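Keeping the supplied structure of chain A fixed, place chain B upon it in accordance with the hints.
Keeping their order, the protein sequence lines are chains A and B. The first sequence stops at residue 303 when you use my numbering, and every number in between is there. The second sequence stops at residue 1303 when you use my numbering, and every number in between is there.
Keep in mind the hints are simulated off the structure, nothing from the lab. Hints are not guaranteed to be accurate.
Claimed, not checked - Rough simulated footprint, nothing fancy, chain A against chain B, three-plus residues with beta-carbon under 8 Å:
1) 1183-1196
2) 1205-1216
3) 1219-1228
4) 1233-1246
5) 1252-1259
To be verified - Taking CB as the label site, the calculated pair distances span:
6) Glu1282(B) - Gln193(A): 39 to 45 Å
7) Tyr283(A) - Tyr1172(B): 51 to 57 Å
8) Arg5(A) - Tyr1242(B): 30 to 36 Å
9) Asn1002(B) - Val29(A): 43 to 49 Å
10) Val1022(B) - Arg84(A): 54 to 60 Å
Unchecked claim - Computed footprint of chain B on chain A, listed as stretches where at least three residues anywhere in the stretch have a Cβ under 8 Å from a Cβ of chain B:
11) 173-186
12) 211-225
13) 236-245
14) 258-266
15) 286-292
Only a predicted model underlies this, so the values are computations on that prediction, with no experimental measurement involved. Note that the Cβ used here is the ideal one computed from N, Cα and C, for glycine as well.
Protein chains: 2
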Amino acid sequence: MNLPRRVKMVEVGPRDGLQNEVSVIPPAVKIDFIDRLSATGLTAIEAASFVAPQAVPQMADGAAVLAGIKRRPGVVYSALVPNRRGLEAAMVAGVEEVALFAAASESFSQHNINCSIDGSFVRFAEVAPLALARGVRLRGYVSCVAGCPYEGAITPEKVAEVTRRLFDLGCYEISLGDTIGVGTPRQIEQLIQLVATQVPLERLAVHFHDTYGQALANILAALQAGIAVVDSSVAGLGGCPYAPGASGNVASEDVLYLLNGLGIDTGVDQDLLIAAGHFICEYLHRPTGSKVARALAGRCVAV
Amino acid sequence: MNLPRRVKMVEVGPRDGLQNEVSVIPPAVKIDFIDRLSATGLTAIEAASFVAPQAVPQMADGAAVLAGIKRRPGVVYSALVPNRRGLEAAMVAGVEEVALFAAASESFSQHNINCSIDGSFVRFAEVAPLALARGVRLRGYVSCVAGCPYEGAITPEKVAEVTRRLFDLGCYEISLGDTIGVGTPRQIEQLIQLVATQVPLERLAVHFHDTYGQALANILAALQAGIAVVDSSVAGLGGCPYAPGASGNVASEDVLYLLNGLGIDTGVDQDLLIAAGHFICEYLHRPTGSKVARALAGRCVAV
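Bound-form chain A, shown alone (with noise of 0.2 Å):
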């Protein structure tokens, strides 16, 4: 089994896991939970949203949130931004990275930001320079890899295309994100196969969601194909919301395992990883999606 020697995992809980959970959090609450997620040895976390507070009134408080967290070391704290108002507020609010969030679906682009894939490529145009600029390095996504709540089926090669015009912009990074959790580890494979034909492989990252409970095996698919980049929510935060009652992001927890039973290093601790989704979760009144850690329940050490 062909493996990467280290994976760098991407805890996107505090702003994709949080921005799907149903309850709104106070800023202190998000701060200390983003601190016990930086002390797991986690490097990258995304950490806020600068898009219009009245479209996602969970994420209002980003600036808020960048000031009052502990900023450590080797620690790369992102902010999502949808355009150049939210760039400068980011800028402002002192990110050294921003992601762009792209679509590989027409239909998703217009039900999720409201615009065509080009009409967001054109807001693109006008945040990424000014970013570089700065010096704020950019993250890619694009979601809806494996198929698109709306019109189903996406071509890899729709996929490819989106993927090497955020590449063209500058991202330093762009993760392919299976939105809705349909696709399998073949299917996988193929996909990033063919991107990597347009983006350099050490470009991509993966972001699977475990809504039909394909996401592990489709990060082992992604690892063989050597991708060695991994998004992840700790405790499963943020559901998904095309099918209620089911998983959304994959946990980071059941992540971290994996890659430590493949003998992969990453640097982040497991029982601190554990008790951080464990802290959310309380101040959630929430079960964790983390088998790992319903499994390890009352074994991991507190912090």
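Relative to chain A, chain B alone:
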């Protein structure tokens, strides 16, 4: 990705699954359940167990269940037997296949079947020739292949040895069980490679628990290692007795979704399988353990 073209799914829900559920189910419900499963296209169903009824009251009705089901041509209904007495009862009930249950861990063997590994083989040595002489097929199980809840690590050499002993007794198929779900894909790959030096690969099956969320990734690794027989339990029936609240058997619906996605033929109908899972979960007043069933809830056909 090198994968088998066809996989036999072995459904263990009615026996291994229900045995580990809290409720005791009347035989009429089990019969209905098994008949729904055989209508899905499944060709192997573990239907009953002939163990001491005081030890496992959930399974005391094996004879009634086997007498009541509609035997569908091409479907093998099997029963677990621990000893000669169990075998005789199973043969009276007309089973075509019996399962022998061995452990790769001495402590698990003691705790689970109250004798040493060698002691269990003394019983099997009595059962096996009797069964074979009557044309009853033997299937072997090896538990704790990736770890034991009492003694921790189990060497692959021990697993290979126990598997070989079952093979030498005449088992046409031996299922390697990760009883506590702790295994990860590289470990599983290496285990299968080692066991296959002792027993032909085409005689091996895998039986994974999803306690740590690793089951589908482990199944993918097993398929890549050449395994073409996979045990699973519809709706994920059968919790984990060693971690209350945690998952046990991997859900058949999720396995089928994986296999379908990989383009592997099983002959099993997804909608009918999901419906069979809904039927038993409704009876048990228990949420399904299948993520696929949850994601598709409301979309699957009623039967």
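Evaluation of the provided hints:
Residue count for the region 1183-1196 of chain B with a Cβ under 8 Å from a Cβ of chain A: 6. That meets the three needed, and the coverage hint holds. Counting residues of the region 1205-1216 of chain B whose beta carbon lies closer than 8 Å to any beta carbon of chain A gives 6, which meets the minimum of three for the stated coverage. Note: the region 1219-1228 of chain B has 4 residues with beta-carbon separation from chain A under 8 Å; the three-residue rule is met and the coverage holds. Look at the region 1233-1246 of chain B against chain A: 4 of its residues bring a Cβ nearer than 8 Å to a Cβ of that chain, three or more, so the hint holds.
Residues of the region 1252-1259 of chain B lying with their CB closer than 8 Å to a CB of chain A number 3, which satisfies the three-residue condition for coverage. At roughly 43 Å, the beta carbons of Glu1282(B) and Gln193(A) sit within the given window of 39 to 45 Å. At roughly 54 Å, the beta carbons of Tyr283(A) and Tyr1172(B) sit within the given window of 51 to 57 Å. The given range of 30 to 36 Å is respected by Arg5(A) and Tyr1242(B), whose C-beta atoms sit roughly 32 Å from each other.
Range check, Asn1002(B) to Val29(A): about 48 Å between beta-carbon atoms, so the 43 to 49 Å window is met. As the Cβ distance of Val1022(B) to Arg84(A) is approximately 58 Å, the hint placing it in 54 to 60 Å holds. With 5 residues having a beta carbon nearer than 8 Å to a beta carbon of chain B, the region 173-186 of chain A meets the requirement of three or more and the stated coverage holds. Only when three residues or more bring their CB closer than 8 Å to a CB of chain B does the claim for the region 211-225 of chain A stand; here the count is 10, and the claim holds.
Counting residues of the region 236-245 of chain A whose C-beta sits closer than 8 Å to any C-beta of chain B gives 3, which meets the bar of three, so the coverage hint holds. With a cut-off of 8 Å between beta carbons, the region 258-266 of chain A has 5 residues touching chain B; three or more are needed, and the interface restraint holds. A stretch counts as covered by a chain when three or more of its residues have a beta carbon under 8 Å from one of that chain; for the region 286-292 of chain A and chain B the count is 3, and the coverage holds.
Consistency with the previously given hints is maintained throughout, with no hint failing.
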